[in-house]
Amino acid sequence: MDELVLKEQIADETEMSRRAFLQGTGLLLGFALTGASTESVFAAPASQVVENEVTGAFAPNGFIRINPTGAVTLVIPMIEMGQGVYTSLSMLLAEELEVKLDQIQVQHAPPNHALYVNSIIGIQNTGGSASVRAFWTPLRQAGAVGRNLLIAAAAKRWNVDPATCRAKDGVVFDASGSKHLRYGELAKAAAKLPVPPAANVKLKDPKDFTLIGTRAKRVDSSIKVDGRALYGIDTRLPGMKVAAVAISPVLGGKAKTVDEKAALAVKGVRQVVNIDETVAVVADHTGAAKKGLEAAAITWDDGPNGKVSNADIVKQLEEESKKPGAVARNVGDVGKALAEAAQRVDAIYQVPFLAHAAMEPMNCTVHLQKDRCDIWVGTQAPTITQSQVAELTGLPKDAIKIHNHLIGGGFGRRLEADGTILAVKIAKHVDGPVKVIWSREEDIQHDMYRPYYLDRLSAGLDAAGKPVAWTHRIAGSSVMARYYPPYVKDGLDPDAIEAAAEPPYALPNIHVDFVRVEPRGVRTSWWRGVGPTHNVFVVESFIDELAHAAKQDPVAYRKGLLGHNPRALAVLLLAAEKAGWGSPLPARHGCGISVQFAYGSYTSQVAEVEVAADGSVKVKRIVCAIDCGMYVNPDTIEAQVQGGTLFGLTAALHGSITFKDGRVEQSNFDSYLPMRIDEVPVVETHLIRNAEAPGGIGEAPTAIVSAAVTNAIFAATGKRLRSLPIDMDSLKSSS
Amino acid sequence: MAITLKINGTPHEVDVDGDIPLLWVLRDVLGMTGTKFGCGQALCGACTVHLDGQPVRSCQTPVDSVGDSAITTIEAIGKTPQGAALQKVWLELEVVQCGYCQSGQIMSAAALLKDTPKPTDDDIDAAMSGNVCRCGTYQRIRAAIKHAAGV
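Line by line, the protein sequences are chains A and B.
Numbering-wise (this note's numbering), the first sequence opens with residue 4 and increments by one.
Numbering-wise (this note's numbering), the second sequence opens with residue 531 and increments by one.
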């Protein structure tokens with residue numbers, strides 16, 4: 004997006020919020036609810052979308068609403084896409100507010116940078132494995148502020164010292180326990196009391212937590228087992244039409260011929276919208292829209308990118324990566340150390356473009372009117388979406404109402420507003436609300452892909468095999484430079500080099516740099532795990548190469564380089580121990596290990612694989628040790644380790660998007676393969692408990708798994724894989 | 531053309547072309563959005579419903595091919611013994627993440643348990659490998675099916 008727009012947006016919202024804050028909490032509440040609608044279009048089961056404004060509420064901050072009936076609402080700043088934030092963030096609030104988890108309903112926060120920014124990311128985005136890390140303190144503080152005010156209101160009514168009262172399960176009790184008042188009964192009185200600064204309230208000692216750290220049940224499960232859960236794609240509005248879309252197969256192309264007459268002849272088709280880059284057929288239902296789109300028999304003018312191919316993209320990376328890039332880290336004298344080393348190891352690694360392929364295909368419902376634009380979508384980036392729609396429509400930002408929804412798998416795809424922008428462009432031509440649904444093929448072929456990277460590495464080992472020199476050059480697209488330019492300083496993309504600039508090992512002479520190479524005709528973006536997903540594969544494979552060159556066991560070699568890094572060492576040793584590292588294995592079986600520090604968490608994985616004579620790889624078992632500091636819900640962590648591991652493993656085994664004649668060669672789940680139940684390994688999680696600051700979990704297992712698997716393949720076959728996805732043909736047994 | 535469909539025990543009349551997939555009739559015409567769209571090509575199982583107790587992919591089932599068959603969707607599978615048992619263990623074992631594929635997963639699992647009350651791992655692989663989950667809940671899906679079946 005436009006850098007200026009984002010800067011302005013943040014400045015605007017900060018200013019609006021500052022003014023709102025100065026004028027008191029009443030306005031703050033009003034501001035917070037500007038994005039919520041009063042329409043009761045949706046059924047709203049507990050803990051789903053609560054679109055009705057809570058009036059007369061106790062609202063001491065952006066997060067809490069308590070109404071006189073006693074309903075407690077968490078205005079949740081982050082979106083639920085499977086990672087469990089409805090539950091974990093509710094747990095953080097409930098712990099200090101002293102309510103039971105099942106007393107809380109959640110309402111999606113409207114776009115509001117000042118109230119709901121994710122402090123780790125710097126934007127109101129759900130991503131970066133940052134939700135618990137960012138809201139660990141603010142939500143507990145919010146809960147404590149609320150509890151203190153409710154207790155104060157009760158104490159005032161009883162004319163007693165608040166210090167003698169206590170709160171539990173949404174009720175305030177006096178010292179004797181004989182008097183009690185429910186939060187709902189206190190809401191109006193508490194709303195009149197001055198709100199103490201959040202930083203001044205005393206928070207519980209973690210040893211007194213009764214909810215945080217427990218295996219509390221997910222609050223969004225029950226609506227997801229009987230069809231009640233509403234995702235963006237489930238939006239239904241009075242008078243709504245549905246649009247099926249065909250987007251130019253080549254980026255920058257446009258429709259050449261469209262048989263509108265044939266499309267309009269299909270029963271239920273109402274309109275054909277041709278906006279050059281995309282043709283939309285608008286109909287009463289998706290079935291008619293898709294049938295009409297087929298009848299339209301669209302032909303395309305490919306435009307300037309009709310010759311784009313993977314071969315050319317890789318060739319460009321090979322050439323550009325020979326030149327020095329922006330320096331991410333430079334310690335010691337790498338050139339000298341490399342020249343004097345007893346042994347030198349060089350390698351080139353490559354990872355492919357990847358699609359997100361979330362189960363819920365891209366979709367967005369828009370009702371564009373003269374003075375407002377309502378948007379029903381599941382988005383990880385509500386403020387960015389609002390700004391981009393404001394720019395496109397010319398409407399003020401507060402006229403852009405974002406009705407956020409559960410997301411049927413985000414994985415970074417919904418950090419981009421392109422799906423919403425396309426829907427608004429189509430809605431400009433449609434009278435009334437329109438739901439734009441992409442087919443699976445459109446979803447895969449018009450994704451914004453994890454960049455293709457090419458990495459060059461060299462290391463020098465001393466006579467004992469220790470790495471005395473380490474150079475690593477990363478070449479590829481800079482997502483950050485497009486998405487959030489202020490974070491890129493002197494050409495250095497902090498995401499592209501994350502987990503490469505600072506490997507966990509003792510490396511006395513290290514030089515890491517980044518060469519930005521933008522592929523023509525390809526859109527790139529965030530993909531679960533972002534920078535580390537690429538870099539940990541490279542770094543952990545290369546350190547394995549060094550262990551082999553030094554003729555040392557991979558665990559022992561890493562252990563020797565982690566003496567200064569006790570948390571990394573601890574996860575390494577725990578994973579190795581739980582996996583039974585070193586136990587004898589049959590022929591063509593092998594174990595591989597990897598270690599990472601990313602997203603504030605330390606992770607180590609051991610993969611056990613079997614490589615068949617025909618080269619096919621069976622991953623039999625994954626053992627994961629993780630230290631993510633203080634944690635909220637260990638069951639969610641295990642679920643994320645299982646799921647995140649499979650997300651990364653799917654990519655390692657099957658994932659690759661390739662271009663030919665400007666077009667993506669994959670189209671559906673038969674050519675962009677997901678893992679299925681019959682090929683998944685058992686994933687074991689071993690969680691270290693400590694009092695360190697909370698770390699992220701959603702992406703850690705995704706980033707770490709591929710190196711553990713390719714290192715295991717090396718152990719099983721002696722074949723070092725330096726590119727993904729795994730080339731099974733290269734693993735055929737020669738005997 | 532007017533077509534009468536028997537869905538979850540209730541007749542519904544719809545007026546659409548006969549080649550329109552059942553999925554869109556359920557979701558868009560009748561507003562039963564629990565059945566999900568995932569791929570449109572019977573490759574992911576998100577749209578699974580039962581026709582006379584047998585699992586079918588509604589995205590590839592023309593509405594005029596349904597005839598008198600009884601359609602069961604996720605909204606009513608809890609009224610069958612298998613569906614109720616699966617929904618219960620799905621909650622006990624915390625299977626869901628994003629949840630989008632889970633309607634189809636439960637519909638496939640309910641059909642499996644109806645025909646094979648004590649499934650082996652191979653039975654589970656055969657019955658469930660048509661259902662894709664990008665969140666990676668497979669380990670818990672397998673455990674939940676076994677738990678519901680008491681194996």
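Mixed in with the good hints there might be a few duds.
Stated by the list, open to error - Below, a list of computed lysine-lysine pairs in the DSS-like style, where the Cα atoms sit at most 25 Å apart:
hint: 1; chain 1: B; residue 1: K618; chain 2: A; residue 2: K103
hint: 2; chain 1: A; residue 1: K220; chain 2: B; residue 2: K676
hint: 3; chain 1: B; residue 1: K676; chain 2: B; residue 2: K648
hint: 4; chain 1: A; residue 1: K469; chain 2: A; residue 2: K428
hint: 5; chain 1: A; residue 1: K257; chain 2: A; residue 2: K207
hint: 6; chain 1: A; residue 1: K623; chain 2: B; residue 2: K618
hint: 7; chain 1: A; residue 1: K339; chain 2: A; residue 2: K318
hint: 8; chain 1: A; residue 1: K220; chain 2: B; residue 2: K618
hint: 9; chain 1: A; residue 1: K469; chain 2: A; residue 2: K722
hint: 10; chain 1: B; residue 1: K618; chain 2: A; residue 2: K621
hint: 11; chain 1: A; residue 1: K220; chain 2: B; residue 2: K644
In case anyone wonders, no lab produced these hints; they're calculated from the structure.
We went through each hint and held it up to the structure:
no.	hint	result
1	B:K618 - A:K103	holds (22 Å)
2	A:K220 - B:K676	holds (20 Å)
3	B:K676 - B:K648	holds (8 Å)
4	A:K469 - A:K428	violated (58 Å)
5	A:K257 - A:K207	violated (60 Å)
6	A:K623 - B:K618	violated (29 Å)
7	A:K339 - A:K318	violated (30 Å)
8	A:K220 - B:K618	holds (13 Å)
9	A:K469 - A:K722	holds (23 Å)
10	B:K618 - A:K621	violated (32 Å)
11	A:K220 - B:K644	violated (28 Å)
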